[in-house]
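Trainee: Sequence order for the protein chains is A and B. Everything in the first sequence is counted per my numbering, starting at 1 for the first residue and increasing by one. Everything in the second sequence is counted per my numbering, starting at 1001 for the first residue and increasing by one.
To be clear, the hints were calculated from the coordinates, so they are not data collected in a lab. All C-beta atoms, glycine included, are put in the ideal place defined by N, C-alpha and C. Keep in mind that a hint or two might mislead.
[Stated by the list, open to error] Which chain B residues stay away from chain A? Per the calculated CB distances, all over 12 Å, these:
hint, residue
1, Pro-1091
2, Asp-1124
3, Leu-1162
[As the list claims (entries may be wrong)] A few chain A residues that face chain B, going by a derived Cβ cut-off under 8 Å, partial list only:
hint, residue
4, Gln-29
5, Arg-30
6, Ala-47
7, Ala-53
8, Leu-66
9, Val-189
10, Thr-192
Protein chains: 2
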Amino acid sequence: MTPSYVSPSLNHLIEELMSLPGIGRKTAQRLAFYILKMPKERSEALAESIINATTRLQYCSICGNLTEQDPCAICSSEKRTSTIVCVVESPSNVLALEKMGAFRGKYHVLHGVLSPLDGVGPDDLNVETLLKRIPAEKIEEIVLAINPNVEGEATAFYLAKLLKPLGVHVTRIAHGLPAGGDLEYADEVTLTRAFSGRQAL
Amino acid sequence: MTPSYVSPSLNHLIEELMSLPGIGRKTAQRLAFYILKMPKERSEALAESIINATTRLQYCSICGNLTEQDPCAICSSEKRTSTIVCVVESPSNVLALEKMGAFRGKYHVLHGVLSPLDGVGPDDLNVETLLKRIPAEKIEEIVLAINPNVEGEATAFYLAKLLKPLGVHVTRIAHGLPAGGDLEYADEVTLTRAFSGRQAL
């Protein structure tokens, strides 16, 4: 449907940008024309950053997080306690938690959650290495920071069942009202969790 | 504010994506992780499309549109009548009009509109070449398809004043209710234009 008189490389750029999530034709066009207006070195920097990231980044052999050197900066850091490990679904979750900056333990990235419908079973998750880490790093507590949706819950319960017998303390981050949230507009599940998770003041 | 334990090339990719219009940190992160999950050849294709577009595309010496060869496909086309020229603000407007596919004349891209506040005067617009084109291409009609905002209106009136003495028929695309628009929700300016531009049925 792209018009015949439009230059191929412009079309190609637009098509490529459209392949990104949440970017439709209109947005792709706006981005394409913006990129074409950029100074050449800026647009090259953008392209190079894509190449660099995709070529340099790998998964840490210990925690499975995205890293340039293996083991990653967090796994090889002396400053971070290795007795407490935070289990997350994806590297993006690590980024979010690191931004918070409050957690000073280490991480373990599952690279997914249990999802039978999508054919994702326990063996498809990065669990094997986690089991090995428990004795190796003398892990005392494992904090499950998995998203509170159906698959996430299932994964959390599966891991708890799997890890508890290994004599490790398994916890889960609190679920409840978000900061600035309003009781009126909170859904039932959130409210129920907020109540069951109530704490003494 | 980017956390210390996040790998530089990931940060760099996110920063670069954030430099694009309408893309904040959250979106940039989502895009970055999506790009990292892509097959390598796909992400390379994306990067190459940026490089290719920025290196290959130039402005047509005749109409000022983005093109790979000069003159552009439209200017050098035999199929398009050169007696009617559509004047637009930017190459993206040409793309929009070409999508419509109804216009079979040629184009002229101003690369901006008069905007004294931003210090954009008549000399900063691609008008000189347009004046040369009128005798050279025996242009009979010039359709002003400039966005109907304050700067656009000013530019349209300036061009009309400039072009009419040259014995060329100057028209402007109709302004009125958009397709599927609702009288109730149309602003006064649009309604006024819709009335003043009413046509016999």
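Trainee: Each of the hints needs a verdict: does it hold here or not?
Mentor: Here is how each hint holds up against the structure:
1. Pro-1091: violated (7 Å)
2. Asp-1124: holds (15 Å)
3. Leu-1162: Given a closest Cβ separation of 26 Å, the condition holds.
4. Gln-29: Gln-29(A) check passes; min Cβ-Cβ to chain B is 6 Å, inside 8 Å.
5. Arg-30: holds (6 Å)
6. Ala-47: Ala-47(A) check passes; min Cβ-Cβ to chain B is 4 Å, inside 8 Å.
7. Ala-53: Check passed: Cβ of Ala-53(A) comes within 4 Å of chain B, closer than 8 Å.
8. Leu-66: Leu-66(A) check passes; min Cβ-Cβ to chain B is 6 Å, inside 8 Å.
9. Val-189: Where the cut-off is 8 Å and the nearest Cβ of chain B is about 24 Å from Val-189(A), the hint is violated.
10. Thr-192: violated (28 Å)
This entry does not satisfy hints 1, 9 and 10, going by the numbered hints stated previously.
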